[in-house]
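2 protein chains.
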Amino acid sequence: MLPRGRPRALGAAALLLLLLLLGFLLFDGRLRRAAALDGDPGAGPGDHNRSDCGPQPPPPPKCELLHVAIVCAGHNSSRDVITLVKSMLFYRKNPLHLHLVTDAVARNILETLFHTWMVPAVRVSFYHADQLKPQVSWIPNKHYSGLYGLMKLVLPSALPAELARVIVLDTDVTFASDISELWALFAHFSDTQAIGLVENQSDWYLGNLWKNHRPWPALGRGFNTGVILLRLDRLRQAGWEQMWRLTARRELLSLPATSLADQDIFNAVIKEHPGLVQRLPCVWNVQLSDHTLAERCYSEASDLKVIHWNSPKKLRVKNKHVEFFRNFYLTFLEYDGNLLRRELFVCPSQPPPGAEQLQQALAQLDEEDPCFEFRQQQLTVHRVHVTFLPHEPPPPRPHDVTLVAQLSMDRLQMLEALCRHWPGPMSLALYLTDAEAQQFLHFVEASPVLAARQDVAYHVVYREGPLYPVNQLRNVALAQALTPYVFLSDIDFLPAYSLYDYLRASIEQLGLGSRRKAALVVPAFETLRYRFSFPHSKVELLALLDAGTLYTFRYHEWPRGHAPTDYARWREAQAPYRVQWAANYEPYVVVPRDCPRYDPRFVGFGWNKVAHIVELDAQARQARQPLLLCPTLQEYELLVLPEAFTIHLPHAPSLDISRFRSSPTYRDCLQALKDEFHQDLSRHHGAAALKYLPALQQPQSPARG
Amino acid sequence: MLPRGRPRALGAAALLLLLLLLGFLLFDGRLRRAAALDGDPGAGPGDHNRSDCGPQPPPPPKCELLHVAIVCAGHNSSRDVITLVKSMLFYRKNPLHLHLVTDAVARNILETLFHTWMVPAVRVSFYHADQLKPQVSWIPNKHYSGLYGLMKLVLPSALPAELARVIVLDTDVTFASDISELWALFAHFSDTQAIGLVENQSDWYLGNLWKNHRPWPALGRGFNTGVILLRLDRLRQAGWEQMWRLTARRELLSLPATSLADQDIFNAVIKEHPGLVQRLPCVWNVQLSDHTLAERCYSEASDLKVIHWNSPKKLRVKNKHVEFFRNFYLTFLEYDGNLLRRELFVCPSQPPPGAEQLQQALAQLDEEDPCFEFRQQQLTVHRVHVTFLPHEPPPPRPHDVTLVAQLSMDRLQMLEALCRHWPGPMSLALYLTDAEAQQFLHFVEASPVLAARQDVAYHVVYREGPLYPVNQLRNVALAQALTPYVFLSDIDFLPAYSLYDYLRASIEQLGLGSRRKAALVVPAFETLRYRFSFPHSKVELLALLDAGTLYTFRYHEWPRGHAPTDYARWREAQAPYRVQWAANYEPYVVVPRDCPRYDPRFVGFGWNKVAHIVELDAQARQARQPLLLCPTLQEYELLVLPEAFTIHLPHAPSLDISRFRSSPTYRDCLQALKDEFHQDLSRHHGAAALKYLPALQQPQSPARG
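Listed in order, the protein sequences are those of chains R and X.
Per the numbering used here, residue 246 is the first one in the first sequence, and the count goes up by one each step.
Per the numbering used here, residue 246 is the first one in the second sequence, and the count goes up by one each step.
The hints are simulated quantities; they were obtained by calculation from the structure and are not laboratory data.
A couple of the hints might just be wrong.
One copy or two, either will do: identical chains are not told apart, so a pair holds if it fits within one copy or between any two.
[As the list claims (entries may be wrong)] Straight-line C-alpha distance at most 30 Å; calculated DSSO-like pairs for lysine-lysine:
1. Lys783 - Lys558
2. Lys307 - Lys338
3. Lys783 - Lys456
4. Lys378 - Lys783
5. Lys558 - Lys456
6. Lys338 - Lys558
7. Lys387 - Lys558
8. Lys762 - Lys558
9. Lys338 - Lys783
10. Lys783 - Lys936
11. Lys936 - Lys516
12. Lys516 - Lys378
13. Lys338 - Lys456
14. Lys307 - Lys387
15. Lys783 - Lys387
16. Lys558 - Lys378
17. Lys456 - Lys307
18. Lys307 - Lys516
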């Protein structure tokens with residue numbers, strides 16, 4: 246604002262003078278930096294190319310689509326990429342198109358994640374890393390990033406031919422600013438420049454780190470390839486494919502292998518063709534390697550833009566300011582990704598797949614409906630990160646069984662015991678916040694028992710909403726089970742030590758599969774003791790039962806949930822026996838993997854498992870929404886196994902059961918869900934569904950699931 | 246970078262041309278905005294004063310100390326202020342000095358919070374709102390912010406005379422950018438301007454909202470006072486105190502009261518003295534009131550700087566983009582404040598009080614020590630937010646008792662039952678993350694039972710580190726108890742319905758206080774049933790005990806923890822009886838509030854309560870660190886009350902007890918803690934401490950606390 250009462254012309258003249266002065270300063274800065282590029286020996290990293298001494302590039306046109314390419318393989322890198330993407334989304338103001346070059350593991354994880362994340366104005370394309378392997382596998386490489394590190398070299402041919410510009414990022418960088426500012430630096434490229442890079446913040450390429458240290462050739466300190474601006478169009482025109490291969494082949498005549506993967510080759514090419522490179526300000530790639538010189542950059546910059554954890558030690562790197570950078574990284578690691586679903590309302594965009602229908606369904610809900618919370622929770626699409634930790638799929642075996650269960654943070658302490666009791670594959674859905682997912686990761690890493698198990702798949706379903714989405718969690722775990730059979734358990738139960746072997750043997754002996762469809766019932770018991778000696782056999786179990794140390798499950802509170810199992814008969818049974826469905830029956834069963842899914846309408850406490858058993862019994866023959874029945878599903882006979890058992894350990898009532906008990910509205914809403922469930926059941930099964938009507942009108946089981 | 250091989254002069258000429266063009270555009274923008282200030286009728290909000298059309302002010306000198314003033318009163322505003330401060334700290338790059346004008350409640354909360362937060366380069370000064378009240382209480386005011394809203398008017402006299410500039414913020418604003426950019430706008434003030442404000446983004450002051458709507462006088466749409474830049478020096482010089490009082494008195498001759506508190510008076514003064522005001526770009530106060538016109542501002546701005554929730558509905562305001570803004574707000578609401586402890590390493594600053602000693606102590610720890618985690622956890626200073634929710638201190642009563650306990654998220658479901666069993670005051674420490682604290686808030690708001698209780702004080706201790714700091718939590722809850730006596734309980738226990746009354750009567754009848762020091766023992770029982778009918782009397786309790794529905798506490802696993810209570814004698818007792826300390830005794834007791842504190846070295850599972858009872862028994866007569874004994878402490882006799890009882894409900898083993906059981910290192914570390922505890926005990930009590938030696942060498946209790 247110009248001061249009131251002063252001639253405006255004076256202000257204008259002063260402003261012009263200021264601009265001229267500013268122009269001179271900027272121009273001077275450019276000259277000095279040009280000198281540095283030409284090899285001014287006085288210029289070290291941080292001494293030049295800072296963000297605050299260059300001309301500010303114009304911001305990219307509002308709403309311009311920015312392209313980002315990332316190579317990502319395996320479980321751990323997939324977690325890293327998500328943290329990177331969170332930091333990018335936090336600051337971005339433009340629509341983004343992510344180009345992800347992935348192996349099968351990362352693709353499965355990231356495809357599910359982005360599909361369920363539904364971030365507006367983010368498009369994701371996947372490229373098969375396996376198909377690119379032959380193009381780089383001939384290069385001997387010693388870097389920890391392996392073959393995947395080298396794939397950045399082939400992006401100009403791997404990415405769509407019409408794509409002219411892309412920002413290429415390593416998975417171990419974190420944004421501290423808006424990526425459009427980085428994109429805007431393309432405007433600084435001369436007509437012939439094609440690669441924008443930040444200088445290395447270490448002395449590696451100077452070749453004096455130890456005696457006979459022979460790095461690959463580079464201009465001075467060389468450049469770091471954790472953050473690259475690529476003019477793909479110009480590289481293609483310039484014959485990049487030939488160019489880097491020629492250089493690499495020639496260098497490999499005298500050098501045994503690359504030490505820093507793609508970075509060695511990029512630097513060797515640039516040394517030969519220095520006109521290709523545009524130097525970027527150091528703040529766009531603050532490198533926290535072990536012997537980093539980054540402090541020269543960040544101690545003078547007013548603003549850090551991108552932090553690069555380019556030490557194999559990552560967050561455990563020794564650096565006197567590492568605490569600062571680590572807190573920054575943890576911010577995004579623990580950041581609630583749901584909050585990034587915010588719209589770029591300035592830039593109208595196509596909503597992500599499914600988002601529009603979801604918005605419509607949510608908009609139709611009545612906020613005054615006393616069951617509004619239930620309705621909303623049922624519709625919630627939770628972000629899902631499958632195989633959050635490294636996981637080896639079990640080898641294909643025709644009678645193998647995966648234990649399926651779900652849990653939240655307050656049941657983590659069950660995992661070790663569960664691993665001791667169940668030596669086979671497990672598929673577990675965990676309902677966590679982003680921050681809790683990190684606590685969970687540390688918990689597993691700190692436990693030798695858990696860390697040793699590669700056959701347990703942990704799928705993180707991110708928390709959203711007030712009610713525990715028990716059946717949605719079960720369905721995630723069930724969908725990720727990879728064996729032909731699944732044991733549908735709950736996290737508070739410990740199976741008999743022998744159960745895994747016994748189930749496989751039973752499945753084989755009973756000739757299940759093509760010939761016969763059965764749900765095998767595993768009788769459930771419970772102890773009320775904090776510590777007790779787990780029975781090693783049915784004989785021991787029966788002794789504990791007689792001694793009053795064990796009870797049949799819910800014997801005191803809700804016997805009808807398991808009464809049809811017929812415990813008296815089980816005591817004596819020597820062979821599997823068939824039992825009939827009855828109202829409120831909710832046994833723990835082993836079924837084929839393609840069994841009906843759980844009905845996701847049951848959220849919070851109550852009826853979630855009962856409804857599933859009704860579905861099993863309803864002999865569904867058709868797949869119909871929303872019950873998600875499998876088209877080939879046959880009648881399930883319920884067979885109780887004479888030597889199988891599982892025991893429930895004591896715990897405090899869940900928050901949901903407490904709400905159920907204290908809130909009449911909660912109970913009314915559950916009844917409404919049950920009514921709707923039965924309407925759907927009638928619609929699908931006709932008169933046969935009448936059988937289940939009395940069950941739906943009975944009072945509620947006090948058990949959680 | 247200039248293109249290589251081209252004459253540099255050409256580039257320089259182009260650059261100059263660009264700058265001249267830029268200068269013209271900027272100048273043009275200024276003229277247009279000046280026209281708007283002069284009352285150009287075509288200019289509405291958003292049509293001018295956007296951040297991207299004005300000249301960028303120079304950033305403030307690096308490391309300049311920025312001053313911020315906030316008026317804050319009560320429990321709810323204190324929570325708001327913390328979210329505001331988190332957003333400010335997240336983006337800031339400068340040292341800050343916060344000037345907080347607070348009532349006694351907010352001061353207690355914020356003083357504790359900032360003291361334990363220990364954020365580098367943040368200084369906090371407090372000013373008594375009560376002392377400022379007389380200066381504004383004569384003004385009739387209808388705004389929801391009450392008297393406190395008006396206090397912004399008296400800041401020029403209330404803040405230190407040497408303070409020349411300050412940014413004044415409402416508690417309901419959220420930063421989306423670095424506050425130094427706002428501070429830099431001081432540079433735009435003319436020599437006479439003293440108040441920087443953003444125009445109102447509503448039509449309120451146009452006076453046409455309804456028939457006979459008579460707002461206070463204002464320039465056009467007037468200004469919003471949620472964000473103010475104040476040149477205190479100039480206001481003092483200009484006689485601000487007289488100025489606003491004169492204007493207010495004159496307007497109040499014809500208007501009944503202020504509708505928008507200070508904002509009405511600021512606007513009336515500015516209408517009279519328009520030369521005082523400097524218009525700030527609209528993005529510095531994006532106002533989300535009910536009928537906001539803010540979209541005109543934010544839909545064209547590339548950057549939002551400050552969001553202002555200036556509707557009484559706050560986050561529930563109706564606005565088509567509210568989801569975007571709400572996610573932004575939730576980001577900081579749920580942000581882990583511990584991460585903001587990051588240093589401004591570019592600006593060296595005095596470490597916060599205690600931080601240096603803490604750093605030294607932490608630096609002396611040996612990372613290879615198997616008990617490193619324990620040592621680190623003991624030293625951790627947790628952020629503490631006392632009285633997180635509205636709380637009424639109990640009226641002073643000589644025999645009143647506060648129930649003291651601690652919990653984490655997994656025990657929230659105990660709170661309602663506890664409230665039903667204990668009608669008296671409670672002081673509860675909750676160990677939560679920032680995000681969990683919000684879940685907890687919603688939990689209480691959704692529960693009629695909890696929402697009705699103003700005598701339960703909830704103190705949030707923010708999570709940090711892997712071990713549950715049980716005794717630090719107990720000490721926080723104990724320090725905040727306001728009655729002469731405390732019942733030191735655990736969250737899994739429900740006291741007899743009559744216990745609160747019975748304890749107060751017993752304290753009176755036994756003549757405790759000056760004459761006699763006693764620890765009153767409340768015998769502990771347990772049920773292993775999820776649901777059971779809580780006994781209404783000792784007779785009913787004994788019947789359940791005989792029926793095997795109840796047991797004495799830890800009867801199966803650890804009888805010695807409570808054996809000295811002598812349950813057999815209690816069955817028959819008609820009067821309180823004295824018992825003797827014995828090894829591992831850990832009864833639940835009622836003691837004076839000034840009892841010894843718990844030993845914070847016991848973190849995680851084990852010995853935390855036993856050590857406290859040893860301390861009580863050790864008849865400490867001197868206060869010494871680190872045991873924090875009270876100087877006046879007399880011998881405590883242990884008196885068991887014949888009608889008192891409390892019952893433990895079942896729950897799953899805690900993570901800590903699971904670790905204790907599975908990890909030999911954990912057990913060894915606990916033994917090391919016990920040894921050190923005994924060494925300290927010997928140092929303080931000499932030979933008397935020998936009595937406790939055998940207890941310290943016995944195996945460990947399996948109970949959590």
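We went through each hint and held it up to the structure:
1. Lys783 - Lys558: neither (50 Å within a copy, 62 Å between copies)
2. Lys307 - Lys338: Classified as both: same-chain Cα gap 8 Å, cross-chain 27 Å, threshold 30 Å.
3. Lys783 - Lys456: neither (69 Å within a copy, 84 Å between copies)
4. Lys378 - Lys783: Answer is neither; intra-copy 54 Å and inter-copy 77 Å both fail.
5. Lys558 - Lys456: Answer is within; shortest intra-copy Cα gap is 24 Å, inter-copy 70 Å.
6. Lys338 - Lys558: between (32 Å within a copy, 28 Å between copies)
7. Lys387 - Lys558: within (16 Å within a copy, 60 Å between copies)
8. Lys762 - Lys558: Classified as neither; 52 Å inside a copy, 57 Å across copies.
9. Lys338 - Lys783: neither (63 Å within a copy, 67 Å between copies)
10. Lys783 - Lys936: Neither. Shortest intra-copy (34 Å) and inter-copy (48 Å) distances fail the 30 Å Cα cut-off.
11. Lys936 - Lys516: For Lys936 and Lys516, the Cα distance exceeds 30 Å both inside one copy (80 Å) and across copies (78 Å).
12. Lys516 - Lys378: For Lys516 and Lys378, only the intra-copy Cα distance (26 Å) is at most 30 Å; the inter-copy one is 72 Å.
13. Lys338 - Lys456: This pair counts as neither: shortest intra-copy Cα distance 49 Å, inter-copy 42 Å.
14. Lys307 - Lys387: neither (43 Å within a copy, 43 Å between copies)
15. Lys783 - Lys387: neither (55 Å within a copy, 75 Å between copies)
16. Lys558 - Lys378: within (26 Å within a copy, 57 Å between copies)
17. Lys456 - Lys307: So Lys456 and Lys307 fail the 30 Å test inside a copy (52 Å) and across (42 Å) alike.
18. Lys307 - Lys516: neither (36 Å within a copy, 37 Å between copies)
Hints 1, 3, 4, 8, 9, 10, 11, 13, 14, 15, 17 and 18, counting from the list given before, are not met by this structure.
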